[in-house]
Amino acid sequence: MKKMNKTTKNNFINYGLVLVLFAVAQTLSATGNLSNLLQGLLVPLCVYTIASISLNLVVGFSGELSLGHAGFMCVGAYSSALFSNVVGDALPSVPRLILAILVGAAVAAVFGILIGVPVLRLRGDYLAIVTLAFGEIIKNLVNILYVGVDENGIHVTTNSSGLKLAAGGKKIMKGALGISGTSTLYKDIKPYFFLIGVILILITLFIVQNLVHSRSGRAIMAARDNRIAAESIGINVTKYKLLAFTVSAALAGVAGVLYAHNISMLKVSIFDYNLSIMILVYVVLGGIGSIRGSIIATIVLYALPEMLRGFSTYRMLIYAIVLIIMMLFNWAPAAIDWRKRVLEKIHNKLPKKEAA
Amino acid sequence: MRNWKKALGVAAAVAMAATTLPTAVFAEGEETFKIGIIGPMTGDYAQYGTNVYNAAVVAAEEINAAGGINGYQVEILAAGDDQGDPEKAVNAYNDLLDKGMQMLCGTVTSGACIAVGAEAAETTFLFTPSGSAVDCITAGSNEFRMCFTDPMQGSKSAEYIAEKGLATKVAVLYDSMADYNVGVHDAFVEAAPEFGLEVVADEAYTTDSNTDYSVQLGKIKESGAELLFLPNYYSDNALILQQAADIDLDVIIFGVDGMDGILSVENFDTSLAEGVMLLTPFSATAEDEATVNFVTAYKAANNDETPNQFAADAYDVLYAIKAAAEDAGITPDMSNEDISAAMSASMLNIEIEGLTGTAKWTEDGECDKSPKAVVIKDGVYEMME
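Residue numbers (the numbering used here), protein chains in the order written: chain A, 800 to 1155; chain B, 175 to 559.
Some clues are possibly wrong.
[Unchecked claim] The list that follows gives simulated cross-link-like pairs (lysine to any residue, SDA-like), each with its CA atoms no further than 25 Å apart:
| id | chain 1 | residue 1 | chain 2 | residue 2 |
| --- | --- | --- | --- | --- |
| 1 | A | Lys963 | B | Lys208 |
| 2 | A | Lys970 | B | Lys208 |
| 3 | A | Lys970 | B | Glu377 |
| 4 | B | Lys273 | A | Gln825 |
| 5 | A | Lys1038 | A | Gly887 |
| 6 | A | Lys970 | B | Lys273 |
| 7 | B | Lys208 | A | Leu833 |
Treat the hints as calculated values from the structure; they're not laboratory data.
Keep in mind that this is a model prediction, so the values were computed, not measured.
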């Protein structure tokens, strides 16, 4: 342990945190102590944890603001759900899910590149504006798409009556009615979705942490901290920003895949700008640039409104108040001072190992 | 500052403790049938959720006063709020299971119902008052509905318009981003030619831009349509009617059940809705005894609010559950699966005289009843022949 440097240790704490939470959840569920509500929350928690870690890569490490992460989730969700429904029973469920995840990630990455190439050359808040628009455009586009499949192949139109399917054809994507029944295709592996979600979180952590602590990651952070200085030593700022943005988009796509396969009703109105902001709230309240913070904030903030169900109609009010309190606790100067003082006190009380 | 933090800490602890307390409408007694309700209690569609919940409570109180089901009292669990979101609906469903739910009256909105339907399939008896998308109840044989499906409403509207000779040239204006509106619209447009109707204008708007309809209404006016079909919720329709009056659009307005509620929109000039026709299973101003009793009881319990057809559907659901439960002879100590299986079999045997018509159920879980149309005259609904 002693030889391990600080970053490696930090990385392993994050993996450990996820594994410990997984073990706790599994033990509780195996002993029957996990309520149905919590059991149902496990997979959505994985979805939003992946999304917030991926957004943290853009907001925290590359210093850009993305307000369109819901758009990338949407692209990943729809492309993978389409894939799963088209392939259907031609493949067993495990390889089908793996391929669906790859499809979702790839499609989201392509959109990430498409948006990143023109926008990341610019300085200023353009990425925020363009991603915001992207989220809305994708939402409206998906909303009018009708996709069906029959023996002649896949048909795509923009209105329901235009979909001329041969007999035995199946409408998969029905505009605003979305895609329904994706999760029923995976009935046999449904109990393992939490495990799959945790594996995806670990992969996400692995990708993000290794990227951040690599040569490229240092270049990304250098460009964030001082663009001119970074350029002066020969760092191609656009390239590195694009790298971070594309990886982030692909991971958000993976979150979308998990969402789409866990629930049997995929409708586009969910992927609105509120969802992007919600993920941003997780990242900001967890601490920009802190991956562990993102994980913890996502778990606390996603689970909170559900745990508050006992308050019936007042729960969203209480949720809002909790958000404000958390923000003050995390960022208000007085709160930071107070936290420092308390930490010092605790440190003073503990016997000092280093001194001995 | 430190005291303040302490106070906060205590408040948070109290809040956490309070979440674990059960909240139920009725006092804890011995064994009861626990029925859960899921729907939007907050957010854009809150009116539908609260109407369903309130009506279910009214029905449960009546049933309990009359001796309950098979001698057991009915308990309506605290409403599960889903804000119309499928994911939150599944969370609410799981939460209600934790609270001991045995049968589900819900969910209220379609998208949420499809998601919950997949979870409840073959485990918990699901009876939706208003989930009108086709896929809502296709996941399992234990799922039933009280209302018409979206496509049925669309094609029934076309049939009705043609049969009554209301118009031959029709225009449609609908929200292309909401599943309900699209479902009705698609079926209507598909069915229109079969009944000799010509769709001369098919205009859309989206949920994000539902405040200005002048462009679409202008096109509809130019198209020479005689009738405007509005498969939207009443809040949008109120604005559409307002703006249609502004440009002197003189056509027959025809809506479906989402139009219900238009007369209670705040600051809406109800004279604009004069002559509007809508396909709805329920009219709060009807004078038959059952409706009058229900409306009086509902108003008394809910600050004099008038119930809409969602409330009527929910009320009928409770009575249908009662009828099926008595036919099946279920008791509260049975498991959810057993109740579900017994109820599903009995649903096919029952026929109820509900507020929304005489209803029977098919094996698919669809409700077999005849549609009714009303026309707004002097600010109240009047049944059409």
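Outcome of the hint check:
no. : hint                 : verdict
1   : A/Lys963 x B/Lys208  : violated, 46 Å
2   : A/Lys970 x B/Lys208  : violated, 38 Å
3   : A/Lys970 x B/Glu377  : holds, 23 Å
4   : B/Lys273 x A/Gln825  : holds, 22 Å
5   : A/Lys1038 x A/Gly887 : violated, 38 Å
6   : A/Lys970 x B/Lys273  : violated, 38 Å
7   : B/Lys208 x A/Leu833  : holds, 21 Å
Consistency note: the structure conflicts with the earlier hints numbered 1, 2, 5, 6.
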